[in-house]
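A.B. asks: Required output: the full structure, derived from the provided sequences and hints.
If you want the building blocks of each chain, they are given just below.
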Amino acid sequence: MLAEIAWNSLLNRKKTVFLTFLSLLVSISVLISVEYIRSQAKESFNRTISGVDLIVGAPSGELNLLLYSVFRMGSPTNNIKYESLEVLNNNENVAWTIPISLGDSHRGYRVVGTNQNYFEHFKYGNKRSLSLQQGDSFDGMFETVLGADVAKRLGYQLGDEIIIAHGIGNTSFQMHDRTPFTIVGVLAPTGTPVDKTVHVSLEAIEAIHLSPGQLARALSGASPKLLQPKQITSVLLGLNNKFATFGLQRQLNNYEGDRLMAVLPGVAMARLWELMANVENMLRIIGILVLIASLFGLATMLLATMNERKAEIAVLRVLGASPFVIMSLVLIEAIAISLVALMFSVALVSLLTVTMEGWLSENYGLFLSSSVIGPELLVITALIVMATLIAALIPAFEAYQRALHSQLSSK
Amino acid sequence: MLPNTVTEPSSNFAVEMKGVVHTYNKKRPDDGFIFADWQLREAEQVFLYGNSGSGKSTLLNLLSGILQPQVGSINLFGTDIAALSNRARDQFRANNIGVVFQQFNLIPYLNIEQNIKLAAYFGNASTKEKGGVQTKERVETLMDSLQLSTTLMHRKVSELSVGQRQRVAILRAFANSPTLLLVDEPTSALDASARDAFMKLLLTVNESQGSTMIFVSHDEVLKSYFKKKVAMSALLSANTPDRQSESEQMEK
Chain A
43 MLAEIAWNSL LNRKKTVFLT FLSLLVSISV LISVEYIRSQ AKESFNRTIS GVDLIVGAPS
103 GELNLLLYSV FRMGSPTNNI KYESLEVLNN NENVAWTIPI SLGDSHRGYR VVGTNQNYFE
163 HFKYGNKRSL SLQQGDSFDG MFETVLGADV AKRLGYQLGD EIIIAHGIGN TSFQMHDRTP
223 FTIVGVLAPT GTPVDKTVHV SLEAIEAIHL SPGQLARALS GASPKLLQPK QITSVLLGLN
283 NKFATFGLQR QLNNYEGDRL MAVLPGVAMA RLWELMANVE NMLRIIGILV LIASLFGLAT
343 MLLATMNERK AEIAVLRVLG ASPFVIMSLV LIEAIAISLV ALMFSVALVS LLTVTMEGWL
403 SENYGLFLSS SVIGPELLVI TALIVMATLI AALIPAFEAY QRALHSQLSS K
Chain B
3 MLPNTVTEPS SNFAVEMKGV VHTYNKKRPD DGFIFADWQL REAEQVFLYG NSGSGKSTLL
63 NLLSGILQPQ VGSINLFGTD IAALSNRARD QFRANNIGVV FQQFNLIPYL NIEQNIKLAA
123 YFGNASTKEK GGVQTKERVE TLMDSLQLST TLMHRKVSEL SVGQRQRVAI LRAFANSPTL
183 LLVDEPTSAL DASARDAFMK LLLTVNESQG STMIFVSHDE VLKSYFKKKV AMSALLSANT
243 PDRQSESEQM EK
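Those protein sequences? They're chains A and B, same order as listed.
Okay, so the first sequence: first residue is 43 according to this note's numbering, each after it adds one.
Okay, so the second sequence: first residue is 3 according to this note's numbering, each after it adds one.
I should point out that these hints are in silico values taken from the structure, not numbers from a laboratory.
On a predicted model such as this, the values are computed, not experimentally measured, just so you know.
Please note: incorrect hints may appear among the correct ones.
To be verified - Reference listing, derived: stretches of chain A covered by chain B, where coverage requires no fewer than 3 residues with Cβ under 8 Å from a Cβ of chain B:
#1 45-54
#2 353-360
Claimed, not checked - Think about it this way: if two alpha-carbon atoms lie no more than 30 Å apart in a straight line, the pair counts; the simulated DSSO-like pairs of lysine-lysine are:
#3 Lys119/B to Lys57/A
#4 Lys158/B to Lys57/A
#5 Lys56/A to Lys119/B
#6 Lys202/B to Lys138/B
#7 Lys84/A to Lys194/A
#8 Lys56/A to Lys352/A
#9 Lys230/B to Lys202/B
#10 Lys123/A to Lys284/A
#11 Lys119/B to Lys352/A
#12 Lys272/A to Lys238/A
#13 Lys352/A to Lys28/B
#14 Lys352/A to Lys158/B
#15 Lys138/B to Lys158/B
#16 Lys231/B to Lys20/B
#17 Lys56/A to Lys158/B
#18 Lys194/A to Lys169/A
Unchecked claim - Computed footprint of chain A on chain B, listed as stretches where at least three residues anywhere in the stretch have a Cβ under 8 Å from a Cβ of chain A:
#19 56-66
#20 85-96
#21 107-119
Glycine is no exception: its CB is placed at the ideal position from the N, C-alpha and C atoms.
C.D. replies: Below you can see the structure in the form of structure tokens.
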């Protein structure tokens, strides 16, 4: 019954209530989006790589190495010798290696030169291996395996031929158009940068960079050495024994045969996330401040109506409503507006995320894995209800005071 | 014990005021109303007249328990409402007192049905147990005698004409079958013929409901509708400062 009164009272003041609702809608949407993007970014980020104990590359920055070898962002500064990969393969502590050779792209998607180990040992999320949704992994020289997004966005089918461009920009003047690649496989979606990668063999990377004459000789088998990889960009390592990680890291950092740097992905990721945490906290604070501003608006609206509600309060008092009941009515109204605004915000943000999912993953590498409705939303709901209650205490107390001193009067 | 239980069956007074003093300003206790002792029998209908400032509103507020006297007791059907807790007093009012006012009677944004349900909502559990059916029947009978069509039930109060609103006000006041009905200047917005119709309706319905009624007005024309008439000045003790002359002096 109280809810019914509160609801009708709100409907009676449609215009002011609607404006307050809009202001709350905007602020709650901002808050939900920030929280959602934050949690999704973190999850998307953390699921990118799993089971890799060390990343080895040319000495640059820890973050730089992590960014280009795992997130396909930024550009590698230098390469390492192919012999170093062989040295690693022969190390007793190393269980497996995944070589990575970067520097080319296909229509904005990065090309990774690697070998079969990539499909066998690369893991993401909760130690999940890559799987092919179509075809097979590459076998021959000019064969390629596409990430799920690449195939989907560019509409490629198995058997299609693609041309790889030199460099990693969206447009390139130098196309390796003498050496088209045939698509032999498409990976299942992972929600990681793998989805946006074109995979080819290390030998193919060497081949496309050869001069036409060299390429002809190499393919005819006259000088097979030409196809032998000489350099790679980085190596992902899996170790037999996790306790050997630090020893091996030190060993690699001091290796004399090549200039190497080994980083622990977990440490590098944590450091990267720390950088983002500042931005994240700032967004959060802005979200909360916007919400507080809206709640003050709500309190002001309710307070401003107190004068016109004098009569109503008197009627309720006469009917036997205690001042406490009248106070609760104001609180119910405030919470009703907030909850309705919250519901609409969730719908709005859900709609936005569904429509912007592709754009987010393409431009920001942000993969959305769950819907807006989740445990975080419960926390947000609780917070909003509490904040609303606190904000509404001011008008509610005013109503209580008025109820207490309200009198019957024929004037 | 329910607050509406008649504790002293021997007393068949609806209203019994003893030594009631009320002042709005506690720092100036002499600037208040000292009421004379007064009794009203059950089912009596009394017309109380007096000018504004004569203490009518204060008396109504005291009788309905909205205001509390600083001194004295107000017994309604044997319950001293001045001695009840705030909560019990609110409950007592919800269960026993009906009010018809010119304003402050209906909530404009609720429909008639909701306004009536509201009265039942604040009434106590036993009233609810008596069943929605009984209440509904009584409301329907009342609507009939008030010449209100049941099709109006879902109309908002703000959509009703003044005449309809007055009748709905009576309906709402009686919806909870109050034992005491307080009526305050209900007719000042009405013209003579509408006023006559309203008074007759009010008295007829009250007769059929058997409630005790206190009708307050400054309009002595309405006197003729009542057998028992009391001047407000008769209810005030001789010690009450004469506010009227005071304000007159101030004007000079």
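A.B. asks: Hinted pair, alpha-carbon criterion (30 Å max): Lys158/B, Lys57/A. Please report holds or violated.
C.D. replies: holds, 19 Å
A.B. asks: Does Lys238/A lie within 30 Å of Lys272/A when you go C-alpha to C-alpha?
C.D. replies: Holds, because 26 Å separates the two Cα atoms, which is no more than 30 Å.
A.B. asks: Tell me if the straight-line CA distance from Lys231/B to Lys20/B falls inside 30 Å.
C.D. replies: With Cα atoms ~20 Å apart, Lys231/B and Lys20/B stay inside 30 Å; holds.
A.B. asks: If you draw a straight line from the CA of Lys56/A to the CA of Lys119/B, is it 30 Å or shorter?
C.D. replies: Given that 30 Å is the threshold and the Cα spacing comes to 24 Å, the pair holds.
A.B. asks: Tell me if the straight-line CA distance from Lys230/B to Lys202/B falls inside 30 Å.
C.D. replies: Holds, because 16 Å separates the two Cα atoms, which is no more than 30 Å.
A.B. asks: Is Lys119/B within 30 Å of Lys352/A, Cα to Cα?
C.D. replies: Holds. Lys119/B to Lys352/A sits at ~21 Å (cutoff 30 Å).
A.B. asks: Within 30 Å, alpha carbon to alpha carbon, are Lys352/A and Lys158/B?
C.D. replies: holds, 19 Å
A.B. asks: Given the hint that Lys84/A pairs with Lys194/A, test it: the Cα-Cα distance must not exceed 30 Å.
C.D. replies: holds, 25 Å
A.B. asks: Compare the distance between the alpha carbons of Lys352/A and Lys28/B with 30 Å, and conclude whether the hinted pair is satisfied.
C.D. replies: holds, 24 Å
A.B. asks: Straight-line Cα separation of Lys119/B and Lys57/A no greater than 30 Å?
C.D. replies: holds, 27 Å
A.B. asks: Under the criterion that the straight-line Cα-Cα distance not exceed 30 Å, is the pair Lys202/B, Lys138/B satisfied?
C.D. replies: Roughly 24 Å separates the two Cα atoms, so the pair holds.
A.B. asks: Measure nothing beyond the straight line between the CA atoms of Lys56/A and Lys352/A; if it is 30 Å or shorter, mark the hint as holding.
C.D. replies: Holds - the C-alpha atoms of Lys352/A and Lys56/A are around 19 Å apart, at most 30 Å.
The structure shown violates none of the earlier numbered hints.
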